[in-house]
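> Let chain A serve as the given structure and place chains B and C on it in line with the hints.
Residue numbers (the working numbering), protein chains in the order written: chain A, 1 to 95; chain B, 1 to 537; chain C, 1 to 206.
Simulated from the structure, these hints should not be mistaken for lab results. One thing to keep in mind: the hints can contain errors.
Claimed, not checked - For lysine to aspartate or glutamate, the following DMTMM-like pairs were computed, each having C-alpha atoms within a straight-line distance of at most 25 Å:
hint : chain 1 : residue 1 : chain 2 : residue 2
1    : B       : Lys-194   : C       : Glu-15
2    : A       : Lys-70    : C       : Glu-28
3    : B       : Lys-57    : B       : Glu-462
4    : A       : Lys-63    : C       : Glu-28
5    : B       : Lys-115   : C       : Glu-15
6    : A       : Lys-66    : C       : Glu-28
7    : B       : Lys-194   : A       : Asp-65
8    : B       : Lys-194   : B       : Asp-522
9    : C       : Lys-86    : C       : Glu-15
10   : B       : Lys-197   : C       : Glu-15
11   : A       : Lys-63    : C       : Glu-175
12   : C       : Lys-87    : A       : Asp-65
13   : B       : Lys-345   : B       : Asp-531
14   : A       : Lys-38    : C       : Glu-56
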Amino acid sequence: MSNEKHHIVPYRVYALVLVALLALTFASIGIVSIELGKYTVAAALIFATIKSFLVLTYFMHLKYDKPYIKAMVAFVFAIFFVVIVITFLDYLYRT
Amino acid sequence: MHKEQAANMSNYLTYQGKYKGLLGWITSTDHKRIGLLYLYSILTMFSVGVLLGLAMKLELLAPGKTIMDAQTYNSTFTVHGVIMIFMVVVPGLPAVFGNFLMPIMIGAKDVAFPKLNLLSWYLYVAGVFLVLAALFFGNGAPDTGWTFYAPYSFKTGTNLLPAVFGAFVLGFSSILTGLNFLVTIHRMRCPGMKWTKLPLFVWTLYGTAWIQLLATPVVGITLVLIALERLFGVGVFDPALGGDPILYQHLFWIYSHPAVYIMILPAMGAISEIIPTFAQKQVFGYKAIIASTMAIAFVGYLVWGHHMFTAGMSGTAQYYFSLLTFIVAIPSAIKVFNWISTMYKGSINVQTPLYWAASFIFVFMIGGLSGLVLGALATDVHVHDTAFVVAHFHYIVFGGTGFAFMAAIHYWFPKIYGRMYDKGWANAGWLVFFIGFLALYTPMFYLGMMGMPRRYYDYMKEFQGGNILSTFGSWILATGLVIIIVNLVKSARHGTPAEMDPWHSKTLEWQVSSPPSVENFDEIPEIAENDGPYNYK
Amino acid sequence: MEQNAHNEHVHYDAEASKIGMWLFIFTELLLFGGLFIVYSVYRFMNQEAFHLAAEELNTTIGAINTVLLLVSSMTIAVSTTTLQLKKKGLTLFLLGITVIIGVVFLVNKYFEWGAKIEHGIWPGSEHLKTAFSQGEILFFGLYYVMTGLHALHIIIGLIIILFAAHRVYKGTVNENRAALLENAGLYWHLVDLIWIFLFPLFYLIH
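Just chain A, same shape as in the assembly (with noise of 0.2 Å):
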């Protein structure tokens, strides 16, 4: 349809991103062989959480969506958050 233009992303911007996911992804693996303790995990997912960001926003397009589109999977993200969060008020809490 004509008015739903389509934003033509640059190969450039695809590139870098890649750049940066593979940085990402290496500087995790090196994160982990530090001692890190219990923060290991959460360095790594740490790491995960802004590699996903990347992939959402750029390859999978989200920076040019409508704004509705991007509230959804912010939603969806956030209930999945919310529903881990309570399940642990039961498994953190037991005796």
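Chains B and C alone, transformed into the frame defined by chain A:
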């Protein structure tokens, strides 16, 4: 509206495409025909479920073995539950009335993905056959209860795998319907049909579709895990291998609690359509009903643990779930206030759908308030796993969704078949059914309070009085059901032709011919700025 | 308001297909979400055992597979751009690369699983039940279920990409009707997204 033109065109019932007869129906991507395919298949499964229910009530007429032994009884309540939940009430209103009416109500010619819609029905049928296969092949019908609780579900010798797989396929069908509806409501509304002009039934379908989409996959993966557990012994829910059976309950209820909102939300939507029509009055608090719909959908997603108060959860989790359970009752109460206020000072036109709607409010309130007894931690310890739970659940799901389904079919019947039913018989059917319903389930509240456990084929002698009343109730209810169905089936063939808008309603589906033409609209309608779905004087 | 819903001659609505795909992706996310809940709970209950069991996994293979998926995500993303720029040959080439990378991923996975199974580690195996603790049994159970389900999604993704490539070749997917290719891309990125979390949770926790 070009009435003559509409009359000349063949309607969706008589329309003939590439194929004739039955083939013309099961290959049709017309949302109205798919809606009716669902109606017929759901009614078929409903009858099976009702027969199983009657058999259980007959067994409970007297203590000890009456007509079946313990194992048969266990299988009977399992299959009754699986059929009624996954094949009747979950798809019930959305798949039948949602499919038939939602596109018309938003001024569209069909859903966004008609072929996907037909595929959903095929998946439904496939799921039905898979579950039925579990009954007739292998080592007997499943006996785990419809909840498939671990670890029994991978220890039982009965034929569980097909039933679990069938439930998975039915879930997939439900997901695809939800997906289709969401896209349709987002993309296919006619010009001028703003979100704030959508009929409330469409709004509830919207909320329901989100739950279908976000909750069903969780039970999907849970059922897959149960299947893998049975096949390979992965260990995820097996305490012998370090698994936690309570985690199964968490995952199961993360779906199955929202699932009761899948069942009840569209029911509330149908009631919200019916009451303004028969009060001939603008619905009271249109936006409050929308807000409460979305609040129920959202908060309902976060209260699953109240099914597990006695399972061994942490105290913190119990407090949290109990609190949220009480909070989720508020939006339901808001709706009840809205319905009552809509009728207040309205020009009430008492017709069969209104009888059903009014009795819906009555039983729904009893069901809802008894839910709070179960949602409170202290009282739940006393009544959990008793007949009280069964009574509460049936008051909500049968009394809520079932009554709303009946209200809906009596309301939209003239639109669907283009004929009017015999109102006298319809009212008689309602009365008998209603009396039967009360007699069937009300004693169970009492029996539960006295301590009669559920899911046993036997009981102590003290409980017989209530059980006799309950069993008699089941017979009265079945009589009412027969009256209703016979009346509707006869009327669909021989009833007097219905007008376009027999109830003088304002929503779009009543502005097209009865039955609607193949394409619904000759031209897509436009909603004017000051027009609305409930603009009565 | 959306204008196109009532345009009689055009049934093609790119945005509807896109939302449809996103909604489907949501269900997939929640499907894996259920498994992530299971993982996080058992990880919490058996921290030591999970770390111990993760030693058995080969970080190098995991890292290679991560790089492969990231690159393939890039190639399919670029292919949507080349389609817009009407470079059909290049688009097909990029899709071919994506498919090949996906197959290589599966081959890697095959050898990885094969090595484990050779060591007697598979769900329900005697060796697993006798030589490992309960936490480790759970770890390997989840490892097989989650990577297995992920591999299944890779296969589905490959089929969708091949189907889209066929339509690009025939010309029914083109710069004006790109929805199918874009949806194939979205699905492939979903597969990538899941792996981005699976990799650290299974390979990087020792």
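> Taking the hints in turn, state whether each one holds.
Hint check:
1. B/Lys-194 with C/Glu-15: holds, 18 Å
2. A/Lys-70 with C/Glu-28: holds, 17 Å
3. B/Lys-57 with B/Glu-462: holds, 17 Å
4. A/Lys-63 with C/Glu-28: holds, 21 Å
5. B/Lys-115 with C/Glu-15: Roughly 18 Å between the alpha carbons, so the hint for B/Lys-115 and C/Glu-15 holds.
6. A/Lys-66 with C/Glu-28: holds, 22 Å
7. B/Lys-194 with A/Asp-65: The given pair, whose Cα atoms are some 21 Å apart, holds under the 25 Å limit.
8. B/Lys-194 with B/Asp-522: holds, 21 Å
9. C/Lys-86 with C/Glu-15: Given pair C/Lys-86, C/Glu-15 holds - Cα atoms ~20 Å apart, limit 25 Å.
10. B/Lys-197 with C/Glu-15: holds, 22 Å
11. A/Lys-63 with C/Glu-175: Judged against 25 Å, a Cα distance of about 20 Å means the pair holds.
12. C/Lys-87 with A/Asp-65: holds, 24 Å
13. B/Lys-345 with B/Asp-531: Status holds; Cα separation ~22 Å.
14. A/Lys-38 with C/Glu-56: holds, 20 Å
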